Amino acid sequence: MRVVRLLLVDDEARFVETLSKRLTSRGYYVEKALSGQEALDLVTSRPFDVMLLDVRMPGMDGLETLRAVHRLQPLVKVILLSGHASINAAVEGMRLGAYDYLLKPTDLEDILAKVEAAFEKKRLEEEQQGDWRQP
Amino acid sequence: MGLTTLVRKLFGRDQWRPLIAQRDTKAALRLSYLAFKDLITSNDELLEIVADIEQKLETGSPFGMTYVRFRAVACATHTYRMILCLDKLSARRYQELHFVFAGIQKAIEPLLSGTRPAHATCPLVLRLSDIDATSADDAGGKAANVAEVRNRARLPVPDGFVVSTTAFAAFLAHEQLGEDIRAKHDGLAPDDQQSLHDVSEELQALISAHRVPGRLVQSILGAYDDLAARCGTNPRVSVRSSAVGEDGEFSFAGQYTSVLNVGRDGLVDAYRRVVASLYTPRAIFYRAIHGIPDEQAAMAVLCMVQIDSVASGVACSVDPGRPDAGTLLITGAWGLGITTVGGSVSPDVWEVARAAGTPVLRARLGVKDTRADASPEGGVGFLELPESVTSTYCLTDTQVRDLAAIVLAAEAHYGKPQEVEWALDRAGRFVLLQSRPLHVRAVPAAVTDLDGHADGHALILTGASASAGCASGPVYHMSESDDTSRFPDRAVLVARHSSPKYVKVMARAAAIITDIGATTGHMASLAREFGVPAVLDTRSATTTLEPGQVVTVDANRGAVYEGRVDCLLSGSAAAPARTMTGTPTYAILRQVADRIAPLTLTDPKSVSFRPDQCRTFHDIARFAHEKAFGEMFRMSDRVADVSHRAVRLAERLPFELHLIDIGGGIAQSSPGEPAVRAAAIVSEPMAALLRGMMNPQLRWWEPRGISLSGFFAVATEAMMNPAHDADQRRLGDKSYAIVAESYCNFSSRIGYHFAAVDAYCTDSLSRNYVSFRFKGGAADDARRARRCALIGEVLKKLDFQTDRRGDLVNARLRKYPREALLERLDLVGRLIVATRQLDMRMGRGTPVDWFVQAFFAGNYLFDPEQGRAAAGGSPP
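Here the protein sequences come in this chain order: A and B. Each residue of the first sequence is one higher than the one before, starting from 5 at the first, in our numbering. Each residue of the second sequence is one higher than the one before, starting from 53 at the first, in our numbering.
Keep in mind the hints are simulated off the structure, nothing from the lab. Fair warning: this is a prediction, and the values are worked out from it, not measured in the lab. Treat each hint with caution, since some may be false.
Pairs of lysine-lysine residues, derived as DSSO-like cross-links and limited to a Cα-Cα distance of at most 30 angstroms, are as follows [unchecked claim]:
(1) Lys126/A / Lys89/B
(2) Lys118/A / Lys236/B
(3) Lys867/B / Lys125/A
(4) Lys556/B / Lys108/A
(5) Lys556/B / Lys126/A
(6) Lys36/A / Lys25/A
(7) Lys118/A / Lys140/B
Using the sequences and the hints given, assemble the complete structure.
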């Protein structure tokens with residue numbers, strides 16, 4: 005099976021570092037970005053499967069980043085992470101095409117389950133898109 | 053009539069489906085299926101959270117605002133995702149759901165902040181002379197109470213001012229401090245010592261480093277200058293917490309910081325320190341255990357002229373250890389009162405008659421070896437005292453009687469027992485610094501004569517009773533710095549000093565004994581509040597009592613006995629289990645859950661099965677779930693390719709089953725037929741499930757409770773009887789399945805009941821799974837709960853990983869070889885049909901185990917008469 009390519013985006017370096025280590029040890033390929041802009045630079049240069057994206061970041065915030073990412077890679081599955089429990093933010097994120105909206109802090113196991121589900125969805129979508137391209 | 057109009061007439065409103073417009077309708081159907089699958093997933097997750105919330109409400113097990121917020125947001129996210137998925141499937145046919153959702157969201161969102169409505173009209177600072185007990189929302193409990201005593205009861209209280217809760221709100225609003233606090237607080241696991249400690253430190257650091265907005269600084273200093281003008285000097289002040297709710301129903305005794313002896317320069321900093329103490333570990337814990345949302349914690353700060361006291365202490369207008377004795381209790385020590393209330397010295401104690409003239413009945417000299425003083429340079433200094441001073445009472449009998457009169461006046465004003473902090477100034481005048489309601493419990497009459505022995509058990513210690521009641525348990529020694537999480541449940545806490553820090557174990561402690569400590573201190577107040585018997589000031593508990601030794605604490609008489617003295621314990625009921633029920637946080641969850649959990653939309657055939665009839669997230673989910681199936685079928689109807697059509701299953705089942713094939717799930721031998729027989733189902737997992745559902749042993753069509761011997765004729769007749777159709781309509785309800793060669797998703801919803809199977813089965817073991825869910829209606833119905841228990845037990849025996857929460861059963865089987873998986877699907881099929889109408893049979897009489905055995909014996913009618921001989925299926 006293919007290795008899942010993850011992108012972690014959060015301005016809290018410590019959080020990114022810890023989560024990245026734990027995800028890597030579970031066999032994921034992980035890249036890190038500390039801002040929306042950094043994330044976009046990465047997304048421009050290579051493909052990702054799933055992105056864990058913090059909502060509240062200085063500069064380009066999570067929702068803006070989400071919009072820009074989807075213009076570049078429409079199929080990448082974005083899981084929004086937020087420290088602020090607000091239905092409004094969740095709804096806005098989902099409306100913009102996020103795969104899910106998770107509140108921090110959350111268990112690694114929860115994150116893993118979401119990542120797996122998101123990846124499965126992406127895989128199926130890719131299969132279907134493959135179908136279209138056939139004559 | 054234009055083409056567009058024609059199409060609309062034929063297919064209903066808005067039929068320009070982006071997905072169907074794609075040339076390959078087969079691929080479009082599969083893509084729709086992805087949206088559909090998301091919808092199913094969110095439906096499942098929503099049901100799981102709903103079950104969890106319902107369980108919390110039912111059991112009252114502990115939770116905080118973080119729980120409420122996280123679950124509400126997750127429910128909203130899943131509900132909204134279902135709406136979005138349905139939009140995709142239906143080309144936005146059900147737009148109204150968005151409005152309904154927004155309406156529910158609007159009702160829920162304000163509840164999640166957990167805050168009280170703001171009093172924007174109150175100024176940032178208030179003069180103590182301008183407020184009274186009715187000002188508690190603006191000035192906090194402590195300031196409001198002491199102002200009441202000063203301005204209404206006209207008792208001596210120092211002058212001062214209050215930095216109001218409006219000021220607190222302004223401080224929090226400044227540069228989003230409040231939001232940052234909430235976010236950090238959501239990261240807390242209150243049961244985890246380390247997490248509590250870390251989060252508390254972060255929060256306090258956050259607040260201590262936060263800039264106080266300029267206009268607030270101006271107001272505070274302005275109020276100080278105003279006070280100085282009234283005093284004619286630049287007084288030092290004591291800066292004390294006055295949180296909303298403090299000294300009210302909950303005392304929060306000693307949970308917050310006071311900064312004593314502060315000059316003008318240190319005022320703003322002291323303000324911040326006191327505000328930060330809203331988030332000490334014990335304050336957070338105290339709120340959590342009382343179910344008070346942290347967002348409702350609002351801190352006003354009381355600044356009073358610092359009294360340079362000769363002596364000070366606490367007085368209770370009723371002796372809390374012996375409320376019926378007709379006495380009041382005064383404790384005191386040299387210098388500032390912090391030594392007494394904090395429990396670091398044994399104060400002098402006077403028992404005074406409440407009767408006229410308030411004669412002193414008994415006095416006991418304390419061990420007042422330390423004195424706290426207001427230092428000339430600010431702050432507090434501690435001084436070791438020589439023997440000559442410690443051996444003298446800090447008040448004369450005359451002074452005690454005068455003080456007693458003041459205490460009784462405070463009680464008379466409030467009309468209920470009071471606990472006051474008092475100080476004696478250099479001029480020999482008493483002032484009151486605080487007054488709060490005193491928690492007292494009725495004490496049972498003496499059960500035995502207590503001269504040395506109780507029922508043969510030796511009296512080993514005596515002390516002062518701080519909180520009435522009797523309890524027994526093993527001794528556990530602790531000091532203030534020890535990790536409270538190690539404290540064993542129902543142990544007897546034995547400590548050198550009393551300390552309010554022990555609040556963290558109070559919910560678990562059987563009783564408390566200390567060497568030193570005042571029955572009028574903070575810890576004593578807390579012990580009374582938690583109903584924990586406490587005997588303090590025994591002088592030698594830590595040296596007399598061995599760890600693990602079982603003792604009985606009779607706090608009604610201030611005695612500790614060796615072993616377990618049953619005659620004492622029988623008189624006092626066990627402390628009631630602490631639950632969230634009745635707390636503010638519980639009430640908020642209840643309100644939030646009212647807009648999430650109830651299912652009011654149950655009948656898809658009813659005319660009121662409409663978006664505008666959805667009252668809750670659960671209703672929206674129910675509606676979207678039903679319509680999503682409808683959309684999948686509509687779409688498959690329009691697919692020209694026969695391999696993707698929708699069909700009805702022409703077999704005898706207790707429900708009408710409709711199937712969509714999304715690829716290789718149904719044989720194409722009879723194209724164009726609206727109905728197929730089971731033999732045409734080539735989807736392996738679906739075929740296995742159907743085999744189970746159609747198992748002849750099930751005999752679900754037979755009337756229950758009739759002996760089965762010689763019943764075959766009837767059964768056969770029923771099979772041939774056209775009335776069977778009507779029967780089917782009555783039971784009625786459509787069930788749906790979406791199938792592919794190696795996949796099936798089956799779902800059946802009848803009224804409140806919901807059963808779903810999702811399975812994937814190939815030769816590749818690692819991707820194989822079966823997921824089964826069942827939700828059985830109201831969780832408080834014993835029979836339904838028992839049905840869930842039965843289903844859960846059967847699935848467990850079949851190796852499923854099973855999780856049962858309230859009326860929701862959630863089971864998964866992963867990575868099973870193909871044959872074994874199919875066998876299990878067969879049994880799951882039987883289970884679904886067999887348990888459909890089981891409610892009536894699942895009364896309290898028969899153990900769930902019996903039903904489990906009956907199921908595996910093939911007794912699918914759960915007929916008590918049927919022997920094992922008739923066994924049909926047995927576990928593989």
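Against the structure, the hints come out as follows:
Distance restraint check for Lys126/A and Lys89/B: the Cα-Cα separation of roughly 13 angstroms lies within the 30 angstroms cut-off, and the hinted pair is therefore satisfied. About 23 angstroms separates the Cα atoms of Lys118/A and Lys236/B, which keeps this hinted pair within 30 angstroms; it holds. Distance check on the hinted pair: Lys867/B and Lys125/A sit about 19 angstroms apart at the alpha-carbon level, within 30 angstroms; holds. Under the criterion of a C-alpha separation no larger than 30 angstroms, the hint pairing Lys556/B with Lys108/A is consistent with the structure, at around 26 angstroms.
A hinted pair counts as satisfied when its Cα atoms are at most 30 angstroms apart, and Lys556/B with Lys126/A does not qualify at roughly 48 angstroms. The suggested pairing of Lys36/A with Lys25/A holds, with an alpha-carbon distance near 11 angstroms, which does not exceed 30 angstroms. Between Lys118/A and Lys140/B, the direct Cα distance comes to roughly 21 angstroms. Compliance with the 30 angstroms bound is thereby established for this hinted pair.
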